[in-house]
Amino acid sequence: MSQQQQQSTQNLTLVQAVRDGLYGEMERDDDVIVLGEDVGKNGGVFRATQGLYDEFGEKRVIDTPLAESGIVGTSVGMAAYGLKPVAEMQFMGFIYPAFDQIISHAARLRTRSRGRFSCPLVVRAPYGGGIRAPEHHSESKEAFFAHEPGLKVVIPSTPYDTKGLLASAIRDPDPVIFLEPKLIYRAFREEVPDETYTVPIGEAATRREGDDVSVFTWGAMTRPTMEAAEQLAENEGIECDVVDLRTLSPLDDEAILESFKKTGRAVVVHEAPKTGGLAGEITATIQEEALLYQEAPVKRVTGFDTPFPLYALEDYYLPEAARIADGIRETYEF
Amino acid sequence: MSTLQRDPREQVRVLDEDGRVVDGATVPDLDDDQMVEMYRNMKLARHFDQRAVSLQRQGRMGTYPPLSGQEGAQIGSAMALDEEDWMVPSYREHGAAYARGLKLHQTLRYWMGDERGNELRDLNIFPVAVPIATQVLHASGLAWGAKLKGDRKAFMCYFGDGATSEGDFHEGLNFAGVFDVPAVFFCNNNQWAISVPRERQTASETIAQKAVAYGFEGVQVDGMDPLAVYKVAREAVEKAKADDPEDLRPTLIEAVQYRFGAHTTADDPSVYRDDDEVERWKAKDPIPRLESYLYEQGVLDQERIDAVQQSVEEEVADAIETAESLERPEPAAIFEHVYEGMPKRLQQQRQYLEQLRERHGDEELLE
Numbered sequence: 001m002s003q004q005q006q007q008s009t010q011n012l013t014l015v016q017a018v019r020d021g022l023y024g025e026m027e028r029d030d031d032v033i034v035l036g037e038d039v040g041k042n043g044g045v046f047r048a049t050q051g052l053y054d055e056f057g058e059k060r061v062i063d064t065p066l067a068e069s070g071i072v073g074t075s076v077g078m079a080a081y082g083l084k085p086v087a088e089m090q091f092m093g094f095i096y097p098a099f100d101q102i103i104s105h106a107a108r109l110r111t112r113s114r115g116r117f118s119c120p121l122v123v124r125a126p127y128g129g130g131i132r133a134p135e136h137h138s139e140s141k142e143a144f145f146a147h148e149p150g151l152k153v154v155i156p157s158t159p160y161d162t163k164g165l166l167a168s169a170i171r172d173p174d175p176v177i178f179l180e181p182k183l184i185y186r187a188f189r190e191e192v193p194d195e196t197y198t199v200p201i202g203e204a205a206t207r208r209e210g211d212d213v214s215v216f217t218w219g220a221m222t223r224p225t226m227e228a229a230e231q232l233a234e235n236e237g238i239e240c241d242v243v244d245l246r247t248l249s250p251l252d253d254e255a256i257l258e259s260f261k262k263t264g265r266a267v268v269v270h271e272a273p274k275t276g277g278l279a280g281e282i283t284a285t286i287q288e289e290a291l292l293y294q295e296a297p298v299k300r301v302t303g304f305d306t307p308f309p310l311y312a313l314e315d316y317y318l319p320e321a322a323r324i325a326d327g328i329r330e331t332y333e334f
Numbered sequence: 001m002s003t004l005q006r007d008p009r010e011q012v013r014v015l016d017e018d019g020r021v022v023d024g025a026t027v028p029d030l031d032d033d034q035m036v037e038m039y040r041n042m043k044l045a046r047h048f049d050q051r052a053v054s055l056q057r058q059g060r061m062g063t064y065p066p067l068s069g070q071e072g073a074q075i076g077s078a079m080a081l082d083e084e085d086w087m088v089p090s091y092r093e094h095g096a097a098y099a100r101g102l103k104l105h106q107t108l109r110y111w112m113g114d115e116r117g118n119e120l121r122d123l124n125i126f127p128v129a130v131p132i133a134t135q136v137l138h139a140s141g142l143a144w145g146a147k148l149k150g151d152r153k154a155f156m157c158y159f160g161d162g163a164t165s166e167g168d169f170h171e172g173l174n175f176a177g178v179f180d181v182p183a184v185f186f187c188n189n190n191q192w193a194i195s196v197p198r199e200r201q202t203a204s205e206t207i208a209q210k211a212v213a214y215g216f217e218g219v220q221v222d223g224m225d226p227l228a229v230y231k232v233a234r235e236a237v238e239k240a241k242a243d244d245p246e247d248l249r250p251t252l253i254e255a256v257q258y259r260f261g262a263h264t265t266a267d268d269p270s271v272y273r274d275d276d277e278v279e280r281w282k283a284k285d286p287i288p289r290l291e292s293y294l295y296e297q298g299v300l301d302q303e304r305i306d307a308v309q310q311s312v313e314e315e316v317a318d319a320i321e322t323a324e325s326l327e328r329p330e331p332a333a334i335f336e337h338v339y340e341g342m343p344k345r346l347q348q349q350r351q352y353l354e355q356l357r358e359r360h361g362d363e364e365l366l367e
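Chains as they are written, first to last, in the numbering used here: chain A, 1 to 334; chain B, 1 to 367.
These aren't lab readings, by the way, just hints derived from the structure by calculation. Don't take each hint at face value.
Simulated crosslink set (DSS-like; lysine-lysine; CA at most 27 angstroms straight-line) [as the list claims (entries may be wrong)]: (1) A:59 to B:149; (2) A:59 to B:241; (3) B:344 to A:262.
For reference, chain A alone in the conformation it holds in the complex (with noise of 0.2 angstroms):
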């Protein structure tokens, strides 16, 4: 790396990218503003909106009264009339009072409206678990967005993703859900760019090259899956393909089946229930499109079909490393 770009770039954690993403959109579109339950002076529960407030003032870094669909209900109206919305969900298990704000309106104003209203609304939440938080605090319930149309899923999984996605997300004309992996807010850094720049929503990343298994994971499980596939290189042989799909709606089908044909085999994980979960998906569209390239059957290693636990036992309920290393030989193996 050059000395020119080493000066512009900086080590950041996943949740400092988030941040440092908002700064940037905010400096650049006098139409973007952030708002939501104590995401003002205190600058959010996470920090995930640290020096907003002091750097764009009160009209633009807004503390809402604490009401999820008032929060998006009311940036529906504002989008529509030519602001950009950022919204939090202080936790993704408290969404689901927006939740009809959401489906019944925002991803339908464009439809309705026959194009003269889009909705360019960023909803953002924390989700997933593994942070011992309290109850309802650890839910990823990506498959009720993904399901609806008008609507993008993006989660990303590095801070470098992060900010760029983000910057995406903001400048997309669509409402976009946008999922933050709380496990891993602060888990490493990376270099991320201080400039501005984006990252396509609606493309996987590769993350590991390998001939022999395809993974398909996203967010906060990236990283399990990726230590179970060094382990399986390093002490078995098996190389595994590690695509990060990072958008879930819409869905990279071409990324997803160019991997399949490779290697014929094909793992999804996600900490999701399993059930209705965005690996069915995965799985259906390989069955519709690559059947005659399969060696084995397609597995799910996700979480399991009930309420996500309390704490004592949520490192039961979480795909980790061993039971991902497990689908994956049962896959090879078959």
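Given chain A's structure and the hints, the job is docking chain B onto it.
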């Protein structure tokens, strides 16, 4: 004292049930042409409504929510808006939307199941909201957006008495009060949320007094008195656009009225309310009230009344013809406007639908 500053339990009235100005009331400052326009808009809304119900009965239109009885509230409030202002309707504001410039054939198209009825490009009207009270938040957000952008516009949001039980009503008014947005919340209290009476929606004596809890003014008005509705709505609109930002505040208006017909054409009101009640409210019908007043004032004579009746009948007939003469929308329209750009899966599904049509022909496919 502004009309808005009175006790929210006292109803504002200008005309009594016979169309005479009540003691101490002031008639709003509308010239003769505006008065006749108000009268004509109400007559048109009534006739349109009767024809729309009939079209549904004949199988020429889908389920339709009638408005008869609510013309005074709809027309009086919509005419209180200035051109730059917005209305955020529920699903029953056909009359109010007409007064804001929406063509009747568009309204018919929407209820005939054609999305093109929702194309309101140049009008400051937000799309119809079918879920209850969700639009209250959109109105607060639109008004908030205008305020943040430094625009001076009022946003009139319509909803029914049932909507006041929803969380979104509370959240919408709460946000509006906290952020002082230029919204006017207009509750069409028509006594029945389908089959559940107003008394089962809230234990509050009035809906208007709920505004106290949000820190702004609430006013109850006789919703079947178009002049009283115009008066309070106009004051609320002016307050939303006050010169001094300190005076810019939202308002809640409760317009007490009655829907003469069913909730929708799929509903049978005889199951939950008796004829006596309907007759009692019909005595308050807003149209003859304004007609008598204008007749007494010499603004209307029988000839003019007949001419208005004839012209609204012609206009509605033309609108029905226009709506029915339009060809079905193209099937591919289903896929348009879901996203700004069409994702690959949607492109593939659109192609698949076209292949199905080619293979089978529409007749076989839709059998």
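Verification of the supplied hints:
1. A:59 to B:149: 10 angstroms, holds
2. A:59 to B:241: 19 angstroms, holds
3. B:344 to A:262: 22 angstroms, holds
Hint check: no violations occur; every hint is consistent with the structure.
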